[in-house]
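Protein chains in written order, with the working numbering: chain A, 237 to 617; chain B, 170 to 435.
Think of the hints as simulated: they come from the structure by calculation, not from any bench.
Fair warning: there could be bad hints in the mix.
Calculated lysine-lysine pairs in the DSS-like style (CA-CA distance at most 27 angstroms, straight line) [claimed, not checked]:
id, chain 1, residue 1, chain 2, residue 2
1, B, K176, A, K404
2, B, K426, B, K226
3, B, K334, A, K387
4, A, K282, B, K175
5, A, K426, A, K385
6, B, K425, B, K175
7, A, K559, A, K507
8, B, K176, A, K293
9, B, K426, A, K363
10, B, K425, A, K385
11, A, K293, A, K507
12, A, K426, A, K467
13, B, K425, B, K406
14, B, K334, A, K363
15, A, K426, A, K326
16, A, K266, B, K425
17, A, K572, A, K556
18, A, K293, A, K385
19, A, K326, B, K190
20, B, K176, A, K282
21, B, K175, A, K249
22, B, K190, A, K282
23, A, K404, B, K175
24, B, K425, A, K404
25, A, K512, A, K555
26, B, K175, A, K266
27, A, K293, B, K175
28, A, K385, B, K334
29, A, K326, A, K363
30, B, K190, A, K249
31, B, K406, B, K176
32, B, K425, A, K363
33, B, K334, A, K266
34, A, K293, A, K387
35, A, K326, B, K406
36, A, K406, B, K426
37, A, K385, B, K426
Some chain B residues well away from chain A (every beta-carbon gap over 12 angstroms; in silico) [claimed, not checked]:
id, residue
38, L181
39, G225
40, K226
Given the structure is predicted, the values throughout are model-derived calculations rather than measurements.
Ideal Cβ placement from N, Cα and C applies to all residues, glycine included.
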Amino acid sequence: MSKSTPEPAIEIKNIHKEFILPQSKTTSLKQAAVNIVRDNKKTTQKVLDGVSFTINKGDFFGIVGRNGSGKSTLLKMIAGVYVPTEGEIKIHGGLTPFIELGVGFNPELSGRDNVYLNGALLGYSHKEMDGMYDEIVEFAELGPFMDQKLKNYSSGMQVRLAFSIAIKAKNDILIFDEVLAVGDEAFQRKCMEVFRRYRKDNQTVVLVTHSMDNVNALCTRALMLEDGKIKHIGDVNDVARLYSESNILSEDSKAKNENKQPIGIEIQGVKPIYDKNDYMELSIGWPDRDDIYGVGVSISSVNDVYVFGSNFKNIKSKKKNIKYRVKLNLISGEYKVNMATYNSKGDISGLMQDVARFDVRNDYNTTVGGVTVLEHEYITS
Amino acid sequence: MRYVTKKNRAILREMVATDFKVRYQESVLGYLWSLLRPLFMFAILYVLFTYIIPIGKDNPHYGVALLTGIVMWNFFSETTSLGASSVVNNGDLLRKISIPRYLMVLTSSISALINLAINCLVIIIFALINGVHPTFEWILVIPIVVELFVFSLGIAFLLAALTVKFRDITYIWEIFLQGGFYASAIIFPITMVPGSVRDFFYINPIVQIVQDARNFILSGSVHTDTLWNSVDSIFIKIAPFIVIVIFAVLGVWIFKKRSPYFAEDI
Numbered sequence: 237m238s239k240s241t242p243e244p245a246i247e248i249k250n251i252h253k254e255f256i257l258p259q260s261k262t263t264s265l266k267q268a269a270v271n272i273v274r275d276n277k278k279t280t281q282k283v284l285d286g287v288s289f290t291i292n293k294g295d296f297f298g299i300v301g302r303n304g305s306g307k308s309t310l311l312k313m314i315a316g317v318y319v320p321t322e323g324e325i326k327i328h329g330g331l332t333p334f335i336e337l338g339v340g341f342n343p344e345l346s347g348r349d350n351v352y353l354n355g356a357l358l359g360y361s362h363k364e365m366d367g368m369y370d371e372i373v374e375f376a377e378l379g380p381f382m383d384q385k386l387k388n389y390s391s392g393m394q395v396r397l398a399f400s401i402a403i404k405a406k407n408d409i410l411i412f413d414e415v416l417a418v419g420d421e422a423f424q425r426k427c428m429e430v431f432r433r434y435r436k437d438n439q440t441v442v443l444v445t446h447s448m449d450n451v452n453a454l455c456t457r458a459l460m461l462e463d464g465k466i467k468h469i470g471d472v473n474d475v476a477r478l479y480s481e482s483n484i485l486s487e488d489s490k491a492k493n494e495n496k497q498p499i500g501i502e503i504q505g506v507k508p509i510y511d512k513n514d515y516m517e518l519s520i521g522w523p524d525r526d527d528i529y530g531v532g533v534s535i536s537s538v539n540d541v542y543v544f545g546s547n548f549k550n551i552k553s554k555k556k557n558i559k560y561r562v563k564l565n566l567i568s569g570e571y572k573v574n575m576a577t578y579n580s581k582g583d584i585s586g587l588m589q590d591v592a593r594f595d596v597r598n599d600y601n602t603t604v605g606g607v608t609v610l611e612h613e614y615i616t617s
Numbered sequence: 170m171r172y173v174t175k176k177n178r179a180i181l182r183e184m185v186a187t188d189f190k191v192r193y194q195e196s197v198l199g200y201l202w203s204l205l206r207p208l209f210m211f212a213i214l215y216v217l218f219t220y221i222i223p224i225g226k227d228n229p230h231y232g233v234a235l236l237t238g239i240v241m242w243n244f245f246s247e248t249t250s251l252g253a254s255s256v257v258n259n260g261d262l263l264r265k266i267s268i269p270r271y272l273m274v275l276t277s278s279i280s281a282l283i284n285l286a287i288n289c290l291v292i293i294i295f296a297l298i299n300g301v302h303p304t305f306e307w308i309l310v311i312p313i314v315v316e317l318f319v320f321s322l323g324i325a326f327l328l329a330a331l332t333v334k335f336r337d338i339t340y341i342w343e344i345f346l347q348g349g350f351y352a353s354a355i356i357f358p359i360t361m362v363p364g365s366v367r368d369f370f371y372i373n374p375i376v377q378i379v380q381d382a383r384n385f386i387l388s389g390s391v392h393t394d395t396l397w398n399s400v401d402s403i404f405i406k407i408a409p410f411i412v413i414v415i416f417a418v419l420g421v422w423i424f425k426k427r428s429p430y431f432a433e434d435i
């Protein structure tokens, strides 16, 4: 895969983007008239502040950053949805302007009609879509449902259909925003397979994602944005490490966990991030309640895959707290902590979903799959 | 900018098809409604102005003239009001994909154009039943329809671009259309308007379009005149065309200037 001189696919030169904030936006004539009379001071928000970089042909380019860092705005400018306030974007070659899956889906149309509509947005004529239709339906595994209206599809079915169409896109440059964050496990695996093939074929791809595992597994180069500026660009591992660090330092991931405390129960000790095989130690307390005789703690993935749960029902009356310790031999990803409480008869008296969230990071990357890591080895003789 | 590329044609086709399917799929009579609406309006006005206030007593083909006016006006009203909200209604799409924005306006106008074509067939059938002699001048209605299309589309572009910034436009235009119906000499012949005011009516391109279309359709049966022949002042002769050019150029110019910002302004 050694190339002598990389050819640029996307050149971004010193772009700035400012948005006029909604409160000062004039959407009625009355406001417009008022604003003409008044000294109209516009409140603007700087989303991107002098970003320059080049994506080369054959790059699988990852863009990461916390919420509000400007990455989606940047992607939309590359796609031509927004125009930069200042600066220049040069695109060499054709670009599929698809940002999200299922853009333009109409819930009132049948699955079949939506395939043609979506295909047109990707640049395919009705005739070309005729040729691809069967393949799309087969990949989506939705054959019997194609004449039903899209509004009767489950969200999983919609995503499957959208993805099956999206992978038909053929262009010099493909761009995706958070595509891998939707769908169930099986669907995400299918996505990964397609993306791996893109990488193998040296397809130029720009991918915005929150998942460092995806960045590690797929990207050849990556960029981290912070407050509208480039924090780091280049090596994938460096970008992934910087991003993970910025998340640990972030105050709002702590706030996120504190806000979800159920009434009367306090859970302390959830760290935002754990390494592989770390122990999570929780202290659970209920200073103002006397009716708790048992607790249960369970862990599930953010996609609601139940990982593990256990109960403890022998709490002595008048005891006001308990400690819980668990070894996290989990694959990397984001997980939720759920809780249950039991009354004196041993029946469930309260259920609390998603009381805290944490991330598990490890270096298994894509060599493992599933939810937990069993101790294993391969022996070659 | 690429205009009529293969890709844009494909999008246009699918969007027009979607428009039709979504609009009529839940109704029993379906597409027939787009015929029944103008016909019903025609029936009311016909009864009113033939038997109660007999405006049309001098014209044996008042019904044909009225129907022609209503169909032309309906096209104008549909293209401009649907066009005005077409960009805003597709806000979700615009924020996520960079397809040419003019396709939204064009989609609504083409839906209206298909309706117009079918309504024109109804006019022909009605005219023949009514005893109007078919002539070759009927073909001259085609350039009149082209003129109407250009005018309507120009205004639709202008309104669509303005509606993104000021949502009030939709309501203002609705009121404007109500008044416009009476200012376009659709239910009464233009000769009923007093001479001093008539010159102002002539500036309205819809008056010229409706009068001329009627003239061509009825040319074999009743003696009427095109606007061109019935006024003396050269200024009034060309006034409607100037108005059309002004609105078409202004509409396209403002739309083109504003369209890169639609995604963030919506």
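| query | Quick check: which numbered hints come out false for this structure? | reply | Hints 2, 3, 4, 9, 10, 11, 12, 13, 14, 15, 18, 19, 20, 21, 22, 24, 25, 26, 28, 29, 30, 31, 32, 34, 35, 36, 37 and 38 not satisfied by this model.
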